[in-house]
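Student: Residue numbers (UniProt numbering), protein chains in the order written: chain A, 1 to 434; chain B, 1 to 434.
Simulated from the structure, these hints should not be mistaken for lab results.
All C-beta atoms, glycine included, are put in the ideal place defined by N, C-alpha and C.
Be a bit skeptical, because a hint or two may be false.
Said to hold, decoys possible - Covered, in the sense of this in silico footprint (three residues per stretch, anywhere, with C-beta under 8 angstroms from a C-beta of chain A), are these stretches of chain B:
id, region
1, 262-268
2, 287-297
3, 304-312
4, 353-366
5, 397-404
Claimed, not checked - Taking beta-carbon pairs under 8 angstroms as the criterion, some of the chain B residues facing chain A (in silico):
id, residue
6, Gln88
7, Leu92
8, Gly273
9, Ala274
10, Leu284
11, Glu320
12, Leu324
13, Phe371
14, Asn372
15, Pro373
16, Glu374
Protein chains: 2
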Amino acid sequence: MCIGLISFAGIFVKFVYNLATHPMENPSRMATGTFNPPETQPSRPAHLRFANCRTLLQLLRVHGPCSKADLVRSSGLSAPTVSSAIAQIEALGLVETLGEGESSGGRPPELIQFKASHGYVAAADIGGTRLRMMLADLNGTPVAHWSTQFAADQKDPASVCSVLDEGLRAMCQQTNIPTSKVLHLTAGAPGITDVRAGIVRFAPNLTGWTEVPLRSMLRKQTGIETIVENDTNLAAVGEYRQGAAEGVEDFVFVAMGTGVGAGIFLRGSLHHGARWSAGEIGYLGVPGAPREPMEMHKTGQLERMIGGAGIELQWLERLERAGLRNEPELAELRAPQIFDLAQEGDLLALEVLQYTAVILADAIATLALVFNPELIVLGGGVGSHDRLCRETDRLLRSADFAPPRIRTSFLGTQAQLHGAISLSLTAVESKLLC
Amino acid sequence: MCIGLISFAGIFVKFVYNLATHPMENPSRMATGTFNPPETQPSRPAHLRFANCRTLLQLLRVHGPCSKADLVRSSGLSAPTVSSAIAQIEALGLVETLGEGESSGGRPPELIQFKASHGYVAAADIGGTRLRMMLADLNGTPVAHWSTQFAADQKDPASVCSVLDEGLRAMCQQTNIPTSKVLHLTAGAPGITDVRAGIVRFAPNLTGWTEVPLRSMLRKQTGIETIVENDTNLAAVGEYRQGAAEGVEDFVFVAMGTGVGAGIFLRGSLHHGARWSAGEIGYLGVPGAPREPMEMHKTGQLERMIGGAGIELQWLERLERAGLRNEPELAELRAPQIFDLAQEGDLLALEVLQYTAVILADAIATLALVFNPELIVLGGGVGSHDRLCRETDRLLRSADFAPPRIRTSFLGTQAQLHGAISLSLTAVESKLLC
Chain A
1 MCIGLISFAG IFVKFVYNLA THPMENPSRM ATGTFNPPET QPSRPAHLRF ANCRTLLQLL
61 RVHGPCSKAD LVRSSGLSAP TVSSAIAQIE ALGLVETLGE GESSGGRPPE LIQFKASHGY
121 VAAADIGGTR LRMMLADLNG TPVAHWSTQF AADQKDPASV CSVLDEGLRA MCQQTNIPTS
181 KVLHLTAGAP GITDVRAGIV RFAPNLTGWT EVPLRSMLRK QTGIETIVEN DTNLAAVGEY
241 RQGAAEGVED FVFVAMGTGV GAGIFLRGSL HHGARWSAGE IGYLGVPGAP REPMEMHKTG
301 QLERMIGGAG IELQWLERLE RAGLRNEPEL AELRAPQIFD LAQEGDLLAL EVLQYTAVIL
361 ADAIATLALV FNPELIVLGG GVGSHDRLCR ETDRLLRSAD FAPPRIRTSF LGTQAQLHGA
421 ISLSLTAVES KLLC
Chain B
1 MCIGLISFAG IFVKFVYNLA THPMENPSRM ATGTFNPPET QPSRPAHLRF ANCRTLLQLL
61 RVHGPCSKAD LVRSSGLSAP TVSSAIAQIE ALGLVETLGE GESSGGRPPE LIQFKASHGY
121 VAAADIGGTR LRMMLADLNG TPVAHWSTQF AADQKDPASV CSVLDEGLRA MCQQTNIPTS
181 KVLHLTAGAP GITDVRAGIV RFAPNLTGWT EVPLRSMLRK QTGIETIVEN DTNLAAVGEY
241 RQGAAEGVED FVFVAMGTGV GAGIFLRGSL HHGARWSAGE IGYLGVPGAP REPMEMHKTG
301 QLERMIGGAG IELQWLERLE RAGLRNEPEL AELRAPQIFD LAQEGDLLAL EVLQYTAVIL
361 ADAIATLALV FNPELIVLGG GVGSHDRLCR ETDRLLRSAD FAPPRIRTSF LGTQAQLHGA
421 ISLSLTAVES KLLC
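Chain A extracted, bound-state conformation (with noise of 0.2 angstroms):
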C-alpha cells in the first residue's frame, strides 16, 4: 500500500500544483515510504495541507463568499480538513469572515470570503510619450489609475524607471496603502522583449533603448518583484482575460498607434517565438508596394504606410492637393480624428480611411493565411477606431476566402495595464501560501 500511495502523492501535488482543480482528502493520514520520485520535494504532509489551502482559495476567489459547509461540498474534502485549512489561510490573513449567512433551518452559518485586500499588484504600460499605471488588488480590481506623459528627457531606461517609481508611490500614497503590501509589478515595453530574461532588446520609440535589463533595474529601483512584457502581448492577454477575445484560444491581437504590432494568442497563451519577436508585423511588406530589405532598426513598410504618421501624410497629401494644406484645424488632425471626420463623410477623410483599410485588410489576411485564427481584435489608438474595423472586415469578406472575424478592442488604452494585472496576478498566486 505504502510504495504505491507515495508514487501517487508526488504525482498528485505535482497535478494539484498545476491545476489547482481536484481537491484531496485529509493527506495528514497518508502513509509515507520509501519510493523516491525523480525528483526531490519537501515533506509530503505539508505539501498535501498546502495543495488543499490552495484549492479552497481558488474556490473563495471564484465563488465569492461562502460558508464551510459549502466548501466542503463544492471541495470534495471533509469538514475537518476544510476547517484546518480555513484556519491556516486565515492566520496568514487571506480570508476575513463577513457575518453570518443564510440559514437552512439552524444556526445560520458563517461567511468567509477572500481577502482581496491583503495584497495588491502593479502595472505599468510603458509607451513612447507616457507611461500609464494601476494598482489592483488580489481580485484585479484596480484601486488606482495614474499617467504622466514623458518629458523630453525621461525616455532613457533610467528616467523611466524612477518615473515609474514616483508613480507607483503616487498610487499608494492615495489609496493609504503601504508599498509592502504591492507584491508584483507587471511593466510592459513598446519593443522586442526577453521575457525570460527580463531584457527589452530594442525601443525604438524611446531614448537609448537596446538590451536595458529592464526587470533588475525595476527590481532595484521598486524593491517588488517584477514582470517585463512587451506592450501589445500585454494587450492580448488584458483583450483575452476580459475584453474582446475572452475565451478565444487562437487570435491576433493587431496595434496599430504610432507603431504597429501584433499579440498572437495560441492554445490560449501568448506565442512569443524563438526570439521573443513573433508579431513584429510592422516590418511586413506590402503589397504593391516596391520591394524593401528589411531593416530592423528603421521603420518597417507596413508601419511606415498605415502607422499614426503614415496615415497622417497621406491625410496631408490630400489636403495639398484640394488646397486645404493651409487651413491648421484640418492639417494637424491626428489619425484618429481623420477617421472621425470620414465617419461624418468628409469624403477626403473617406479616402484616407481607404486606403488604411486596403493596406490593413492585406495585413490581416497574410496573418489569416499563416495562422488561420478564429479572431482578429484591432486596438491602439488608431486601430481600435470602429469606423476602419467596419471597413477592413468589409474589405475582407469580399475577398474570395474565409477570413477571421474582426472586432475593436473592449479595453482600449486599459488592455495592457489589464494584461499586466493579470499576469502579476498569476505570479503571485503560488506565493500568496508561502
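Given the coordinates of chain A, work out where chain B should sit on it, guided by the hints.
Tutor: For chain B alone, kept in the frame of chain A given last:
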C-alpha cells in the same frame, strides 16, 4: 484512508492515460470507497492493471529486448506486478520471448521484446500526379512501399480511393501480411483538410476534390480505421519525428513543388488554425509584385511565382532571350534540374535560382516576422534543393534581422509517409491493450 485514496486513484488513472510515464504499484491491493470523481469511469482495478500494462509496453518499445528484472528496475513496479502484467500482454500477442540474455551470475534471464509484427499501419500520400504508400510494423519500421502514377481519369475521389485500396492489397500480398493485421491508415491529401470531420475541403491539383468525405470513403473502401490530414502537415510531422526538425518544438516546414505550402509546428504539435487552413502560404503576396485580390480557387501569387511551373517559366524566358528556346534538352528541364544546372555553374540557371531564392527569402522573412520560429525546413521536389537552401539562407543572413535557421528536409519525398505512419502509430497505441 480509503476516500482520499480513491480521489487519488481517479486522478492517477487519468494521469497515466495522458502521459503513460509514471508507473504504480500493485493496484489490485487498492481499497475502494465512496468518493465519485466528476466523470463516470469503469472499475478502477481494471484501469490500473491497464495502466501497468501500458507502462511496461512502452518501456519495451523504447528500450528493446530486456528481462523482467530490467522491467522491475526501470518501471518501479514490483516483480509480481511485472510478471502478471507481462503475462497479460503476452496473452494479447504483443510481446515475444527471445531466449536468454547475459547472466550476472545465476541462471541467465529470459529476454522479452515488443512484437512489432503484431500489427501494421499504412500510410498514403495522395499527390497531384501520383500515389505513394508505405506499410510499417508497430515499431514504425517500413516493411513495404508501393507507388503509382495516376491516369488522367483516376484523379477523382472515388478512383483515388480504389487505387489506394489496390496499393494496400499489393503491399499486403508482397509481404504475406493478412489485411486484417493492418490496424490503421493515415492518408495525406494535397489540400485544406478538416481533420476532425475527415473532409478534404478543396484540393486544386486533383479533379473534383471539393468537400470530399475522404475518411469515411477510405474506411468504407478498406475497412480500416483512417485519419486524413493535409500532406504538407504530414511532412512536417515526419520531419519532427525523425527528420530535419527532430526535437524542435516550433518550426515551419515549407513545401515547394508543384504547389507551395507550409506546415506550422507549434509547441511540439501541428497548428491547424480555426478552419484548418493555417500554413496556406501559396497565397502570400510577393513584395514588389502588383497587388492582387486573394482568390482561393486560383493559384496564389507566391505559388505562381516560385512553384515548379513559375520557375520553369522564368527559365524559358531566359532561354528565349539567349536564343536557346528551341533546344529541347534545355527547354524541357524541370525546376530541380534547372537548379542542378545552376549548381554546375550555368549562368542562366543561376539567375533563375537567384530569382527563386529572393522571393522565397521574402516569404520566409514574413513567416519569421509573424511566427518567429526556431527553424525553417525546406522540402518538396523543388524546395529541398540544397543550392536553393544555401542561397536563401545567404540572402536572409545579409538582411538586418535575426533570421531562423534553415535546412533542407532529411526525408525528401518520404516525409509525408513517415508523418502518416507516426500519426497512425499514435492512434493505434491506445487500442493495443483493448
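Student: None of the hints should be skipped; say for each whether it holds.
Tutor: Hints, one by one, checked against the model:
With 4 residues having a Cβ less than 8 angstroms from any Cβ of chain A, the region 262-268 of chain B passes the three-residue criterion, so the hint holds. With 11 residues having a beta carbon nearer than 8 angstroms to a beta carbon of chain A, the region 287-297 of chain B meets the requirement of three or more and the stated coverage holds. Three residues within the 8 angstroms Cβ limit are the bar, and the region 304-312 of chain B against chain A gives 0, so the coverage statement is violated. Counting residues of the region 353-366 of chain B whose CB lies closer than 8 angstroms to any CB of chain A gives 3, which reaches the minimum of 3, so the coverage claim holds.
Restraint check on the region 397-404 of chain B versus chain A: 5 residues with Cβ-Cβ distances below 8 angstroms, three needed, restraint holds. Interface restraint check: Gln88 of chain B against chain A, minimum CB-CB distance 18 angstroms, threshold 8 angstroms, status violated. Residue-level restraint check for Leu92 of chain B is violated (minimum Cβ-Cβ distance to chain A is 24 angstroms; threshold 8 angstroms). Taken as an interface hint, Gly273 of chain B checks out: its beta carbon lies about 2 angstroms from the nearest beta carbon of chain A, inside 8 angstroms.
With a least beta-carbon distance of about 4 angstroms to chain A, the hint placing Ala274 of chain B at the interface is held under the 8 angstroms criterion. About 6 angstroms separates the beta-carbon of Leu284 of chain B from the nearest beta-carbon of chain A, less than 8 angstroms, and the hint is met. Taking 8 angstroms as the C-beta cut-off, the interface hint given for Glu320 of chain B is violated, the closest approach to chain A being about 25 angstroms. Proximity of Leu324 of chain B to chain A is violated relative to the hint, the smallest CB-CB distance being about 29 angstroms (cut-off 8 angstroms).
A least Cβ separation of about 6 angstroms between Phe371 of chain B and chain A falls short of the 8 angstroms threshold, and the interface hint therefore holds. With 8 angstroms as the threshold, the beta carbon of Asn372 of chain B comes within range of chain A, its nearest partner Cβ sitting at about 2 angstroms, so the hint holds. For Pro373 of chain B, the interface hint holds, the least distance from its beta-carbon to any beta-carbon of chain A being 6 angstroms, beneath 8 angstroms. Satisfaction of the interface hint for Glu374 of chain B is found here, the shortest Cβ-Cβ separation to chain A being roughly 4 angstroms, below the 8 angstroms cut-off.
The structure fails hints 3, 6, 7, 11, 12 (numbered hints given earlier, in ascending order).
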